[in-house]
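**Student:** Sequence:
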Amino acid sequence: MTKTVRLTMAQALTRYLTRQMTVIDGKMVPLFGGVWAIFGHGNVAGLGEALYQVREELPTYRAHNEQAMAHAAIAFAKTNFRRRVMAATSSIGPGAVNMVTAAALAHVNRLPVLLLPGDVFANRVPDPVLQQVEDFGDGTVSANDCFRPVSRYFDRITRPEQIIPALARAMQVLTDPAECGPVTLSLCQDVQAEAYDYPESFFAERVWTPRRPRPDRDELAVAAEVLQAAKKPLIVAGGGVLYSGASEELDRFVQATGIPVCETQGGKSALSDEHGLNMAAVGVTGTAAANRLAEEADVVLAVGTRLQDFTTGSWALFKNAGKTIIGLNVQSFDAGKHMALPLVADAREGLIELGAAVAGYKAPVTWTENAKSAKAEWRKAAAKVTAATNATLPSDAQVIGAVQRTLGSDVIVLHAAGGLPGEMHKLWQAGEPGSYHSEYGFSCMGYEIAGGLGAKMARPDKEVVIMIGDGSYLMLNSEIATSVMLGLKLTIVLLDNRGYGCINRLQMATGGANFNNLLRDSRHEILPDIDFVAHAKSLGANAEKAASIADLEAALDRARKSDRTTVVLIDTDPLISTGEGGHWWDVAVPEVSARAEVNAARKGYEEKLKLQRVGD
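Residues 89 to 704 in this note's numbering are what the sequence shown lists, from first letter to last.
Just so you know, these hints were derived from the structure itself, not from any lab.
Quick caveat: nothing in here was measured; it's all calculated off a predicted structure.
Just to be clear, a hint being listed does not mean it is correct.
Simulated pairs of lysine-lysine, DSBU-like, Cα-Cα distance not exceeding 30 Å [as the list claims (entries may be wrong)]:
#1 LYS550 <-> LYS577
#2 LYS460 <-> LYS319
#3 LYS625 <-> LYS577
Pairwise CB distance ranges, derived in the manner of DEER restraints [said to hold, decoys possible]:
#4 ARG701 <-> GLY333: 31 to 37 Å
#5 GLY667 <-> LEU615: 26 to 32 Å
#6 LYS450 <-> ASP651: 48 to 54 Å
#7 ALA688 <-> ALA476: 33 to 39 Å
#8 ALA635 <-> PRO301: 15 to 21 Å
#9 PRO182 <-> ARG701: 20 to 26 Å
Note that the Cβ used here is the ideal one computed from N, Cα and C, for glycine as well.
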């Protein structure tokens, strides 16, 4: 007869999580790094009590904002290259809905996170319970239905035994390289506390290792034939290279073939910036070197990238009419994008087998030398815009240069929305794989500080440097206090351009008036004079304001030597961005307007539309 143990559903869930393991660098470690929790009536009695029972095996971390704690969990997974994950739990209602933004971020970026929001009573006796969202025509609706479109797997647990198949499916999704993304298990609050006789076998220890699908023989043969005929081949490295741990294999492939490489936001640091054939960033925020090669390439090997519009220049970057794209991707959905020849496989295994299939092939010497020359030219241009300055209001690029000079490439540098991702993608010289952490798939303002916290939890041995604008900082800064509380030191470089400078520049570029982006152009009675230094200090951090680039470098040196989170503030110019490199991006301009500037921008926009190769 099957041995059982009587537990509440919440106790069964937490015990199960403690039994899931993985192997990293030959060492077996818990798959789950912990649970982020903000308790409320919807999860404190059931799941809260269960987490207390396993607090030594499965640490629980308290945050200040539900969205932020889920961001931290996602960043933990990203920094671990999806090999380890975290969970996040909230109460029913606003706590749960706060996590929906983070769920969407994880969904877009193909990152694993287990979300455990509290839900309504399954027995419906106390309906409507506090914070319950009611649908007049559907008694089964709850606020947690918001998670459905942004979860790879969603389940509502209305009976205690349902957690058995639900957790089995959740683990498949969280650890699958192709399906990977957020899982939401919506936990009815009465069911959390209900007991069931669970089979002991359900809690047997299990080790999860990455699945590495190898390429189909026919797809491999076609890809090899096309690549061997290439005169101007180019590799686009995406985040899948990092998640597969394929950086060394990519390097070997490049060294053997002489094919230059460029990197997406997610793929940056797949190869060191010092690599002779790494052209660095590609696309809208790309380097002049990478984009010049992309425009001419006759074969594009897209490895582990979903080819979003910033990478492809809104379908206008790859201009060679006879080009072929080979989509090497573990997810068939991505492998076939842009009419690509699909090569569905794990990035590492795919590169190994493709390398063997094209053994002896070398890109033409003129193409390889052209790439090296283009990179040298770009490095000179980048050095010029990042050089030290005495300007009262430095540019973002000059701040980036100061951070790079002072802290070097042996840090994890992290950023998200606004103007910084474009400048960082072009100008930051990344070191080892994973040292560049960009959330630009969802471009979510407010990710930065919470994400930095998660990255530090994943890599406590590394200095984590957060680059953030005043707009994002004001949206979500509460986890500065959490970083201090947990003793997880962050260095936060806060660039204050007094508004949403990036979108203001886009507004101007599309003919719009300066309106509602910079604080001075927004409706106001008094312009706010925000004391960011005092604010950061009030949360427990060290903080100071740098009056110049030289001051910034000195402050960063002090921050490096400190054992506490430090915020360094510097005022920057909202109107300056790097002119070198880059590519057009499709942002629709109104067809008619009362403003001449908009009409002129529309004419320019229509000319750019002609460059798009739609469906190509």
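**Student:** For every hint, state whether the structure bears it out.
**Tutor:** Status of the hints after comparison with the structure:
| no. | hint | result |
| --- | --- | --- |
| 1 | LYS550 <-> LYS577 | holds (10 Å) |
| 2 | LYS460 <-> LYS319 | holds (16 Å) |
| 3 | LYS625 <-> LYS577 | holds (14 Å) |
| 4 | ARG701 <-> GLY333: 31 to 37 Å | holds (33 Å) |
| 5 | GLY667 <-> LEU615: 26 to 32 Å | holds (29 Å) |
| 6 | LYS450 <-> ASP651: 48 to 54 Å | holds (51 Å) |
| 7 | ALA688 <-> ALA476: 33 to 39 Å | holds (37 Å) |
| 8 | ALA635 <-> PRO301: 15 to 21 Å | violated (55 Å) |
| 9 | PRO182 <-> ARG701: 20 to 26 Å | violated (45 Å) |
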